[in-house]
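Asks: The residues making up each chain are set out below.
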Amino acid sequence: MSVVFLVGVDCSACGERALDYAAERAKARDGRLVVAHIIEWSPYSFNTPQDNEERHRRREEEIRSARAEIIDPITQRLRAEGVEAEGVVRHGHAADTLAALAEECGATNIVVGHHGMSRLRARVFGSVASTLVQIADRPVTVVP
Amino acid sequence: MIRKTAVATALTGLLACCSAWAQDIGIDQRIDDAIRPAADAVAGFVFSSFPVAGVQIPFVLVWLIVAATIFTFYFRFINLRAFRHGFQLVRGDYNDPHAAGEVTHFQALATALSGTVGLGNIAGVAVAVSLGGPGATFWMILAGLLGMSSKFTECTLGVKYRNEYEDGTVSGGPMYYLAKGLAERGPGFARLGKVLAVLFAIFCIGGSFGGGNMFQANQSFSQVVNVTGGEASWMADKGWLFGLVIAVAVGLVIIGGIRGIARVTSKVVPFMAVIYVTAGLVIILGNLAAVPGAILSIVTGAFSPAGIAGGVVGVLFQGFRRAAFSNEAGVGSAAIAHSAVRTSRPVTEGIVALYEPFVDTVVVCTITALVIIITGSWDPSVDPSAGVQLTSDAFESAISWFPWILTLAVVLFAYSTMISWSYYGLKCWTFLFGESRVADFTYKVLFLFFVVVGSSMQLGSVIEFSDAMIFAMAFPNLLGCYFLLPVVKRELNAYWDDYKQGRLPKFS
Numbered sequence: 000m001s002v003v004f005l006v007g008v009d010c011s012a013c014g015e016r017a018l019d020y021a022a023e024r025a026k027a028r029d030g031r032l033v034v035a036h037i038i039e040w041s042p043y044s045f046n047t048p049q050d051n052e053e054r055h056r057r058r059e060e061e062i063r064s065a066r067a068e069i070i071d072p073i074t075q076r077l078r079a080e081g082v083e084a085e086g087v088v089r090h091g092h093a094a095d096t097l098a099a100l101a102e103e104c105g106a107t108n109i110v111v112g113h114h115g116m117s118r119l120r121a122r123v124f125g126s127v128a129s130t131l132v133q134i135a136d137r138p139v140t141v142v143p
Numbered sequence: 000m001i002r003k004t005a006v007a008t009a010l011t012g013l014l015a016c017c018s019a020w021a022q023d024i025g026i027d028q029r030i031d032d033a034i035r036p037a038a039d040a041v042a043g044f045v046f047s048s049f050p051v052a053g054v055q056i057p058f059v060l061v062w063l064i065v066a067a068t069i070f071t072f073y074f075r076f077i078n079l080r081a082f083r084h085g086f087q088l089v090r091g092d093y094n095d096p097h098a099a100g101e102v103t104h105f106q107a108l109a110t111a112l113s114g115t116v117g118l119g120n121i122a123g124v125a126v127a128v129s130l131g132g133p134g135a136t137f138w139m140i141l142a143g144l145l146g147m148s149s150k151f152t153e154c155t156l157g158v159k160y161r162n163e164y165e166d167g168t169v170s171g172g173p174m175y176y177l178a179k180g181l182a183e184r185g186p187g188f189a190r191l192g193k194v195l196a197v198l199f200a201i202f203c204i205g206g207s208f209g210g211g212n213m214f215q216a217n218q219s220f221s222q223v224v225n226v227t228g229g230e231a232s233w234m235a236d237k238g239w240l241f242g243l244v245i246a247v248a249v250g251l252v253i254i255g256g257i258r259g260i261a262r263v264t265s266k267v268v269p270f271m272a273v274i275y276v277t278a279g280l281v282i283i284l285g286n287l288a289a290v291p292g293a294i295l296s297i298v299t300g301a302f303s304p305a306g307i308a309g310g311v312v313g314v315l316f317q318g319f320r321r322a323a324f325s326n327e328a329g330v331g332s333a334a335i336a337h338s339a340v341r342t343s344r345p346v347t348e349g350i351v352a353l354y355e356p357f358v359d360t361v362v363v364c365t366i367t368a369l370v371i372i373i374t375g376s377w378d379p380s381v382d383p384s385a386g387v388q389l390t391s392d393a394f395e396s397a398i399s400w401f402p403w404i405l406t407l408a409v410v411l412f413a414y415s416t417m418i419s420w421s422y423y424g425l426k427c428w429t430f431l432f433g434e435s436r437v438a439d440f441t442y443k444v445l446f447l448f449f450v451v452v453g454s455s456m457q458l459g460s461v462i463e464f465s466d467a468m469i470f471a472m473a474f475p476n477l478l479g480c481y482f483l484l485p486v487v488k489r490e491l492n493a494y495w496d497d498y499k500q501g502r503l504p505k506f507s
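Residue numbers (numbering that gives the first Met the number 0), protein chains in the order written: chain A, 0 to 143; chain B, 0 to 507.
Calculated from the structure, these hints are not laboratory results. Please note: incorrect hints may appear among the correct ones.
Here chain B is said to cover these stretches of chain A; the calculated rule only asks that three of the stretch's residues, wherever they fall, bring their Cβ under 8 Å from a Cβ of chain B [to be verified]:
1) 16-24
2) 30-42
3) 69-81
Which chain A residues stay away from chain B? Per the calculated CB distances, all over 12 Å, these [claimed, not checked]:
4) E85
5) N108
6) H113
7) S129
Built from N, CA and C at the ideal position, the CB exists for glycine as well.
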């Protein structure tokens with residue numbers, strides 16, 4: 000069974016180091032990468048009827064643009080480097096969704112970057128990396 | 000950019016004509032005089048009544064209650080037996096993670112609720128308790144519980160027969176299920192369905208100008224005047240000005256497409272609802288000793304009222320009438336909001352919709368009623384047009400600064416209800432006149448115009464007109480629902496079997 004690294008990315012330029020780290024490991028262990036972008040979304044938000052009417056269309060647009068602008072450039076680059084990579088775009092809470100995704104794709108390891116927030120900011124707004132460390136049922140690597 | 004310019008032009012135009020009127024003294028009176036005959040005529044027709052035990056009972060009310068009762072029995076007390084499952088659906092236990100990002104049951108319910116929780120819960124309850132005594136609360140709760148079955152039926156149909164367009168947007172509501180659903184039953188029914196759909200659309204447009212708009216503007220203005228000093232307030236004779244400000248605020252969202260405002264409001268409104276309910280509970284818990292007496296007066300007042308015109312029938316009438324106006328069950332409006340949910344089983348949204356009358360009437364209205372009864376603020380001799388003022392006084396007697404919070408709540412509730420109803424009305428408008436930018440814009444300008452009219456009119460004529468248009472929607476809607484009951488039953492039975500057998504995929 001091959002080794003799978005799940006990497007969470009925010010945008011195509013950020014999370015570079017997490018990505019490089021995961022790519023190196025994958026190369027070394029002949030594994031593959033699953034590159035995931037999570038669009039922040041809550042099932043419990045309050046919307047206007049107009050928002051709801053257009054939601055399905057907007058979701059498709061969001062997924063399409065995330066693929067085109069974030070995921071595809073990354074997976075193409077990885078493949079050019081000879082790493083087997085696949086891209087995923089999901090809606091949800093970033094940490095929860097990454098944890099669920101890890102289970103779904105049988106990831107050995109979850110790799111994320113972090114934003115370098117101050118301690119107070121992280122306390123107040125929560126940090127994806129620290130939440131993920133708490134809830135994930137498999138090793139999480141946080142690359143600074 | 001063109002849109003923004005158009006908005007600016009439209010709003011300035013509105014402003015200009017209103018300030019021209021304002022130079023005349025008694026502009027409010029003029030608008031009231033001009034609209035009153037029409038309002039009275041419409042109300043007289045919709046509320047055609049027959050006497051029962053000396054009280055004039057409007058046929059439409061009997062129509063609503065009979066339907067709610069029949070639906071409750073036909074679906075074997077769906078309002079009670081699906082209650083727990085409804086909660087699981089709202090909580091998201093059955094949400095497929097792969098559909099994350101679509102409209103969830105919670106979101107559809109929350110959107111529909113923000114269109115119904117509003118002045119009906121605050122002003123309407125005060126009117127009911129004043130005219131019908133504490134006993135009206137009992138009938139209001141009963142009407143709320145029965146109304147759950149009407150909501151179940153119409154929201155299931157709303158999802159089943161909605162239109163899904165190629166660009167991914169959806170449109171649903173009674174006009175679609177009346178037209179498409181009845182057409183399935185044969186050519187004769189198809190014609191009937193079309194007639195009912197058109198009638199519904201016309202009444203809904205009227206309702207969006209009346210209860211969904213003028214009533215809201217009127218009552219929130221009356222509360223603003225009340226809190227700023229009543230008769231002596233600087234605002235007292237400036238209803239048109241208040242209306243203008245609200246019209247601009249609504250216009251920015253519905254014409255200007257400034258989503259930010261709608262988004263902020265949709266976050267603040269549930270927060271205000273929580274504050275309102277909490278304040279109510281604080282007053283109730285603070286007067287715990289008075290609660291058994293209040294409950295007793297609700298129960299005894301329901302069956303043997305003292306000094307209420309029409310006795311039991313009169314009380315029942317007041318309770319049912321305000322409940323129906325508040326939760327809109329059987330009216331069909333909510334089906335428009337609920338139909339945007341993403342689900343392959345229409346019944347699920349019907350089950351979720353059970354919570355709408357429950358939260359609106361059984362919870363929020365009851366809290367208001369208890370506060371009014373406990374604080375002794377109801378007074379059978381009070382002018383029924385006092386509406387929201389009466390509730391405000393009740394809260395004030397326990398929490399002196401609360402009327403200010405209530406004013407904010409009232410204005411925000413009114414605002415979010417207007418945004419919702421402008422959407423319902425627009426859907427019906429485009430159903431009748433087709434989707435075009437001109438049709439769209441015409442409706443929205445008319446809608447804003449009625450905001451100004453509503454805050455300028457006396458309450459009496461506004462309430463009559465609002466009630467009339469909203470209740471009129473129930474005629475075509477429920478008539479169509481009767482024919483479509485077997486469809487809902489089939490869907491329900493298949494779904495309920497799957498649920499009971501554990502065949503539904505559960506994700507948490």
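Asks: For the segment 30-42 of chain A, does the count of residues with a C-beta closer than 8 Å to a C-beta of chain B reach 3?
Replies: holds (count 3)
Asks: With 12 Å as the threshold, tell me whether N108 (chain A) passes as away from chain B on beta-carbon distances.
Replies: The claim holds: N108 (chain A) sits with its nearest Cβ about 21 Å from chain B, beyond 12 Å.
Asks: Against chain B, does the segment 16-24 of chain A show at least 3 residues with beta-carbon separation below 8 Å?
Replies: Violated, because only 0 residues of the segment 16-24 of chain A bring their Cβ atoms closer than 8 Å to Cβ atoms of chain B.
Asks: With d taken as the least Cβ-Cβ distance between H113 (chain A) and chain B, does d exceed 12 Å?
Replies: holds, 23 Å
Asks: Three or more residues of the segment 69-81 of chain A near chain B by CB distance under 8 Å?
Replies: n = 0 at 8 Å, threshold three: violated.
Asks: For S129 (chain A), is the shortest beta carbon distance to chain B beyond 12 Å?
Replies: holds, 22 Å
Asks: Quick check for students: does the CB of E85 (chain A) sit more than 12 Å from each CB in chain B?
Replies: holds, 16 Å
Checked against the numbered hints above, the structure violates hints 1, 3; every other hint is satisfied.
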